[in-house]
Amino acid sequence: MTPIITTRFVNLFYNEFQALKNINMAILPHTVTALIGPSGCGKSSYLRLFNRMNDLIDGVSITGDIMVDGEMIYNKGIDIVELRRKVGMVFQKPNPFPKTIFENIAYGLRVNGVTDAKFISEKVEFSLHQAALWDEVKDKLKKSAFELSGGQQQRLCIARALAIEPSIILMDEPASALDPISTAKIEELIYELKRNYTIVIVTHNMQQAGRVSDHTAFFYLGELIEFGDTKEIFTNPKDKKTQNYITGRFG
Amino acid sequence: MGDLKVSIKDESTTGLLSDHINLIMTHLDTELFQLKNEIIEMWKLVGLQLKKTHNALITFDKDLAREVMATEKRVNAMELKVDRDCENIFALFNPVAVDLRFVLAVLKINSNLERIGDIAEGLARLILIVENRFDAKLLEATRILIMYEEANKIVEDVLQAFENEETKIARGIFMRDEFLDEINSNCHVVLIDYITLNPDKIEQGLYILSAIRKLERVGDQCKNIAEEIIFYLEAKVLKHKGNTAK
Numbered sequence: 128m129t130p131i132i133t134t135r136f137v138n139l140f141y142n143e144f145q146a147l148k149n150i151n152m153a154i155l156p157h158t159v160t161a162l163i164g165p166s167g168c169g170k171s172s173y174l175r176l177f178n179r180m181n182d183l184i185d186g187v188s189i190t191g192d193i194m195v196d197g198e199m200i201y202n203k204g205i206d207i208v209e210l211r212r213k214v215g216m217v218f219q220k221p222n223p224f225p226k227t228i229f230e231n232i233a234y235g236l237r238v239n240g241v242t243d244a245k246f247i248s249e250k251v252e253f254s255l256h257q258a259a260l261w262d263e264v265k266d267k268l269k270k271s272a273f274e275l276s277g278g279q280q281q282r283l284c285i286a287r288a289l290a291i292e293p294s295i296i297l298m299d300e301p302a303s304a305l306d307p308i309s310t311a312k313i314e315e316l317i318y319e320l321k322r323n324y325t326i327v328i329v330t331h332n333m334q335q336a337g338r339v340s341d342h343t344a345f346f347y348l349g350e351l352i353e354f355g356d357t358k359e360i361f362t363n364p365k366d367k368k369t370q371n372y373i374t375g376r377f378g
Numbered sequence: 056m057g058d059l060k061v062s063i064k065d066e067s068t069t070g071l072l073s074d075h076i077n078l079i080m081t082h083l084d085t086e087l088f089q090l091k092n093e094i095i096e097m098w099k100l101v102g103l104q105l106k107k108t109h110n111a112l113i114t115f116d117k118d119l120a121r122e123v124m125a126t127e128k129r130v131n132a133m134e135l136k137v138d139r140d141c142e143n144i145f146a147l148f149n150p151v152a153v154d155l156r157f158v159l160a161v162l163k164i165n166s167n168l169e170r171i172g173d174i175a176e177g178l179a180r181l182i183l184i185v186e187n188r189f190d191a192k193l194l195e196a197t198r199i200l201i202m203y204e205e206a207n208k209i210v211e212d213v214l215q216a217f218e219n220e221e222t223k224i225a226r227g228i229f230m231r232d233e234f235l236d237e238i239n240s241n242c243h244v245v246l247i248d249y250i251t252l253n254p255d256k257i258e259q260g261l262y263i264l265s266a267i268r269k270l271e272r273v274g275d276q277c278k279n280i281a282e283e284i285i286f287y288l289e290a291k292v293l294k295h296k297g298n299t300a301k
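As you go down the protein sequences, you meet chains F and P in turn.
Heads up, the first sequence is in this note's numbering, so the first residue is 128 and it goes up one at a time.
Heads up, the second sequence is in this note's numbering, so the first residue is 56 and it goes up one at a time.
In short, the hints are calculated from the structure, not lab data.
The structure displayed is predicted, hence computed values, not measured ones.
Please note that the accuracy of each hint is not assured.
For lysine to any residue, the following SDA-like pairs were computed, each having C-alpha atoms within a straight-line distance of at most 20 Å [to be verified]: (1) F/358 to P/88; (2) F/358 to P/268; (3) F/321 to P/81; (4) F/358 to P/146; (5) F/321 to P/251; (6) P/136 to F/203; (7) P/163 to P/131; (8) P/106 to P/258; (9) F/358 to F/213; (10) F/321 to P/279; (11) F/367 to P/211; (12) P/294 to P/272; (13) P/136 to F/368; (14) P/136 to F/321; (15) F/358 to P/89; (16) F/358 to P/86; (17) F/358 to P/93; (18) F/358 to P/271; (19) F/358 to P/134; (20) F/358 to P/106; (21) F/358 to P/272; (22) F/358 to P/145; (23) P/296 to P/271; (24) F/358 to P/135; (25) P/163 to P/138; (26) F/213 to F/186; (27) F/358 to P/138; (28) F/358 to P/148; (29) F/358 to P/151; (30) F/368 to F/332; (31) F/358 to P/139; (32) F/368 to P/155; (33) F/365 to P/106; (34) F/358 to P/191.
Going by beta-carbon spacing under 8 Å, a handful of chain P positions derived as facing chain F [said to hold, decoys possible]: (35) 81; (36) 82; (37) 142; (38) 146; (39) 148.
We treat Cβ as the ideally placed atom computed from N, Cα and C, and that holds for glycine.
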């Protein structure tokens, strides 16, 4: 199977500080890849490479090859809007727009030039179904998104990302601000979504990485220490550092 | 024996795992049902192995005994697969409460089943060693065929207890194991008489004694399995307690 994301010898600097060191990784389509590691290890920086979110930070410089869906995304002339349509993102804290539930999803479509009201309406419903939120909000689509619980808001943000039909969804600790029940719903959703999407998730929760991902990458001090099948990583990690981290003995 | 799949059927049963599924079908539930399917498949194979040695003994069918010995490799492979899957579930899903007890129970039941598989292999080996068909009078006097029938039935029933989450059936196994123990305890008196009267058939007598000892251990393994089923469903530890206390 051809990888949907490939990075070769990727280095990332915040001014003088090197946050990522020679990262080589290939992510296969329709899989969930978890990026784990202690704070400051570079996992979020790595995640943000794939939709060029790091471009927004001053002093960032990147070397190496980053290919997404067959395209070198740091080449000149790349359409970043199109890239971010293809590579959706869900953040740690739910960030719905100050609009109705319906408009939160319809907005992305309108921005992308869709005007057909029937199509938008169908797409809103479909996306809410995909995000396992439809049954909970179908009678209050005109209500403000802020009336939803934190967990529902996060699923709304996922529905919003799905509406514009990305092929990849990046998730940066999508459940860390949620209660256990909402977390379980998000995790189940991730498991369902991989049928149609490729998901890369940053998480501090090792159990979550175990539960939701097919592959796990362990980062430490900007280096990719180990990358492999999640079952292997969690039952028989090859590197001592990985073992120390996942068993909570990191010091 | 019915369909090996338990996924949909289990939604209508009343057990703990089924109640769980009615609430929310999680990724862990899928893993647990796969595990349940795997152990049931192994259980049926082990049960079949034991039944084949029963038939091989009655018909003195050495080919059937050889078949049992060859199939033992499959039982061992299944044991390794269940072990590995339990390890993965512990590592990846951190099961708690009934889910934790279920995986712990399956892990132990897996060992018990593998041992029953070993016993079936040992019984098949005995049939291959003996040169002549077993004396019908010896089989009758030692009650080994009755013991075989009961052992086969116990393996089936303890599976039913597990599959349908019925602790009542599981509790019934304890007394039935005592029935096998009783045949085992009484057999040496019968065998002494038989060997005295048939000194040319000492070898046959010894093999039957060995087979009875093995069948008695099938009962012990099923008793252990029944204890695990009760542990999983009721969170009660019955190990090292007398049958009356259970």
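Structure-based check of all given hints:
1. F/358 to P/88: Judged against 20 Å, a Cα distance of about 18 Å means the pair holds.
2. F/358 to P/268: violated (41 Å)
3. F/321 to P/81: Holds: residue 321 of chain F and residue 81 of chain P sit about 15 Å apart, inside 20 Å.
4. F/358 to P/146: Judged against 20 Å, a Cα distance of about 8 Å means the pair holds.
5. F/321 to P/251: violated (73 Å)
6. P/136 to F/203: violated (51 Å)
7. P/163 to P/131: Within the cut-off at roughly 14 Å; holds.
8. P/106 to P/258: The given pair, whose Cα atoms are some 24 Å apart, is violated under the 20 Å limit.
9. F/358 to F/213: Answer violated: residue 358 of chain F to residue 213 of chain F is near 29 Å, above 20 Å.
10. F/321 to P/279: violated (41 Å)
11. F/367 to P/211: violated (46 Å)
12. P/294 to P/272: Roughly 16 Å separates the two Cα atoms, so the pair holds.
13. P/136 to F/368: violated (28 Å)
14. P/136 to F/321: violated (26 Å)
15. F/358 to P/89: With a Cα-Cα distance of about 16 Å, the restraint between residue 358 of chain F and residue 89 of chain P holds, given a limit of 20 Å.
16. F/358 to P/86: holds (13 Å)
17. F/358 to P/93: holds (18 Å)
18. F/358 to P/271: Not satisfied, since the Cα-Cα distance of roughly 39 Å exceeds 20 Å.
19. F/358 to P/134: Holds. Residue 358 of chain F to residue 134 of chain P sits at ~18 Å (cutoff 20 Å).
20. F/358 to P/106: violated (37 Å)
21. F/358 to P/272: violated (36 Å)
22. F/358 to P/145: With a Cα-Cα distance of about 10 Å, the restraint between residue 358 of chain F and residue 145 of chain P holds, given a limit of 20 Å.
23. P/296 to P/271: holds (19 Å)
24. F/358 to P/135: This hinted pair holds, its Cα atoms lying about 16 Å apart.
25. P/163 to P/138: Holds: residue 163 of chain P and residue 138 of chain P sit about 9 Å apart, inside 20 Å.
26. F/213 to F/186: This hinted pair is violated, its Cα atoms lying about 26 Å apart.
27. F/358 to P/138: holds (13 Å)
28. F/358 to P/148: Roughly 11 Å separates the two Cα atoms, so the pair holds.
29. F/358 to P/151: Holds, at about 19 Å.
30. F/368 to F/332: Holds, at about 17 Å.
31. F/358 to P/139: holds (10 Å)
32. F/368 to P/155: violated (28 Å)
33. F/365 to P/106: Outside the cut-off at roughly 44 Å; violated.
34. F/358 to P/191: The hint is violated at about 54 Å.
35. 81: Residue 81 of chain P check passes; min Cβ-Cβ to chain F is 6 Å, inside 8 Å.
36. 82: holds (5 Å)
37. 142: At about 6 Å, which falls below the 8 Å cut-off, the nearest Cβ of chain F leaves the hint on residue 142 of chain P intact, so it holds.
38. 146: Holds - the Cβ of residue 146 of chain P comes within 8 Å of chain F, reaching about 4 Å at its closest.
39. 148: holds (6 Å)
Of the hints listed earlier, those the structure fails to meet are numbers 2, 5, 6, 8, 9, 10, 11, 13, 14, 18, 20, 21, 26, 32, 33, 34, in rising order.
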